[in-house]
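Given next are the chains, with one letter for each unit.
4 protein chains.
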Amino acid sequence: MAATTKTDHALERLVFFSDAVFAIAITLLVIEIHAPHLPHGAAEVAYWQALAQLWPNIVGYVISFGVIGLFWMGHHRAFALSARYSSKVLGWNLGLLGTIGFMPFATAFLSSNMNAQAPSVFYCLTMLLAAFFNWRVVRVATGPDMVEPGASADAIAYVRARSFSVLLGSATAVVLGFVLPQMAQAGLVTIPLWLKLLRGGAARKEARRT
Amino acid sequence: MAATTKTDHALERLVFFSDAVFAIAITLLVIEIHAPHLPHGAAEVAYWQALAQLWPNIVGYVISFGVIGLFWMGHHRAFALSARYSSKVLGWNLGLLGTIGFMPFATAFLSSNMNAQAPSVFYCLTMLLAAFFNWRVVRVATGPDMVEPGASADAIAYVRARSFSVLLGSATAVVLGFVLPQMAQAGLVTIPLWLKLLRGGAARKEARRT
Amino acid sequence: MAATTKTDHALERLVFFSDAVFAIAITLLVIEIHAPHLPHGAAEVAYWQALAQLWPNIVGYVISFGVIGLFWMGHHRAFALSARYSSKVLGWNLGLLGTIGFMPFATAFLSSNMNAQAPSVFYCLTMLLAAFFNWRVVRVATGPDMVEPGASADAIAYVRARSFSVLLGSATAVVLGFVLPQMAQAGLVTIPLWLKLLRGGAARKEARRT
Amino acid sequence: MAATTKTDHALERLVFFSDAVFAIAITLLVIEIHAPHLPHGAAEVAYWQALAQLWPNIVGYVISFGVIGLFWMGHHRAFALSARYSSKVLGWNLGLLGTIGFMPFATAFLSSNMNAQAPSVFYCLTMLLAAFFNWRVVRVATGPDMVEPGASADAIAYVRARSFSVLLGSATAVVLGFVLPQMAQAGLVTIPLWLKLLRGGAARKEARRT
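Residue numbers (this note's numbering), protein chains in the order written: chain D, 1 to 210; chain X, 1 to 210; chain B, 1 to 210; chain L, 1 to 210.
If we strip away everything but chain D, and leave its shape as in the complex, we get (with noise of 0.2 Å):
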């Protein structure tokens, strides 16, 4: 076996190790939904009553569900432009693996106290501390020790880019936990606005240089 073969081996296995702790900890968000059991004979009512008691609970499921799909869809695109492996890269990815793998505490957190302040923000400050981990790997990850040769430098700007913008999210996401607590995780959708500056700012700076 060539010695390239054995880095792609070891790139392809964290890959593989990161892709089963982000499928686990998304998977793992249900069990913090405890399911209601009713007396024999209650009313059909009552059970959706029970139900709709745990909406807090199933929002959250969903809202974190699709926090971690986000983070591991950035993952994702950033190590389809890698070709190498490096351990440089093993430090930020194990931090980003361990704050999503904290998820599920931060949403039972914030599903059981819906209508406070801090659990929002203890959730935001969650969301932006796996957003610096996955800056940073991201960095790495398309950066000279590990990018592909022939990766499109628009692509990689676009996935660093894209990076930078979920921190920023991540960030708006804090500040309005603060203002508007059961809002605060729409801060989220400010990361295609985010995205749209950084881009334009770049272009613009590409423009001016030519």
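Treat the hints with care, as some may be off.
A pair holds if it fits inside one copy or across any two, identical chains being indistinguishable in the list.
Straight-line distance between alpha carbons at most 25 Å, and here's what the computed SDA-like set of lysine to any residue pairs gives [unchecked claim]: (1) K88 - V174; (2) K88 - I191; (3) K88 - F164; (4) K88 - A161.
No lab work stands behind these hints: they were computed from the structure. None of the values given here were measured: they were computed from a predicted structure.
Since chain D is already given, all that's left is putting chains X, B and L on it; use the hints.
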């Protein structure tokens, strides 16, 4: 690495991530069955009675294992016809995985409240949502953006008809849930019938055309 | 992509999905051992006593880890002889995975009720069911529909005899469970004996034939 | 399919299974941190206090995530030097995975009983057991039965010295656990020292020989 290889790799990673979520959701089902703990020196028959009381949970485990297995097999069959990755499938696939990941909750709610209508209808609605996302995923995975050029038209038609018959079977289960809650999941038994109907209609249309 | 490659890919995905379920079931075993929480300032010896009381759970963990590991190794060995995918294996394999996924419950029931006969017999019956599905999976995976053309007849015979001896060993454990419940799992120790017996019989038959 | 390809496939499946167990164990750590649920209308500061009370659990999560990550990296590094599969590694590897899978329990026991010596010593003993199995796995994976023919002697020596220094670091943690229970895990910080010592000794021996 050629561009096509990279694209294949993205497809592989998507399939892998989906498989992991299916596998985790299917295995987490067991967590909702709590082992009874009897006082030291209890009569042997008391243990078997304790197990018998868990009958709904064990039945729920078997049904949901079958249901998730069914969706996994459909996913498996559809992506066996795909050769290219397209980001168009991501959203639908995440929706499917999110609904599959939610099945352990729906199962626990059903098992803890047998004989009631609401949990049974809720379970079937979850199944219907999964069937809807599954149908969309299958359409995209076997559509122009992703399908393998050499895939036989008949194989594609079969996989699509199958995914639509799962949707119809789940809808039948929902309707049945309102009438005969305890037999609702039996609605899935109609899937082969719907498939035969759909395939028969397609064959007749085909025959008329030629 | 050639048709054979596609078929190999379907086989790979099946193996992967099975591996994931084995890995998750084996790791979920630990969830059933609840960490004792002692009051602040408790004597050091009280902590060790708390651990000692968990002895049945830890023993159960080790046994079930071994049992699931054993089944995984058998699966591993059988599919190493397969080269083609066949849908005939799907049902049996799903049955096997469903039973393996059920092991954490059987283990918890056993560990919480040591010294009783019923949980021990129930555990062994679960093992017997897994052994039955496993035997069917091995038959199909090494049968005409899936086997690699170049696989040695001896390797096939060995893998099949091994899967049958696991079935006999599990049946021995069930029988033992009725007589000596605390030693039931020790019935698995008879697996190598059954294997020797089966292999010896096959060798004698072979010798007579030539 | 040639025999070597088959062997590689067996190695790949073993590595995959191990990765999955590592990933699940590392992600299950979060399950042991239970989200506090405060009464509606509680003061904001009460939420932060509730989080602060979970401090030991969060620290435990971070430490164990690091420890499992460390073992995963060692496994990764060793198998990057293997090219052939050997059944000799199976038993040791299963022992390693079983101990890693047990870490969530040891972590929960430690986090729930900070300030006590026994849980800290128990945690370090678990780590020591993992380090022992890991050392054996690394010996076999880089030994004559499995090693890639072209692997550099220095890379092998490094990986082996590293696995032995993890063993020594864990032993240091156990000893430290008896003296300074709250700092026991800090014993792992000695790993690089042991590694330097071992590598220095090897270099001197090498120098003397030439």
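Now the hints, each set against the structure:
no. : hint       : result
1   : K88 - V174 : neither (29 Å within a copy, 30 Å between copies)
2   : K88 - I191 : between (27 Å within a copy, 19 Å between copies)
3   : K88 - F164 : both (19 Å within a copy, 23 Å between copies)
4   : K88 - A161 : both (21 Å within a copy, 21 Å between copies)
Violated hint for the displayed structure: number 1, the only one.
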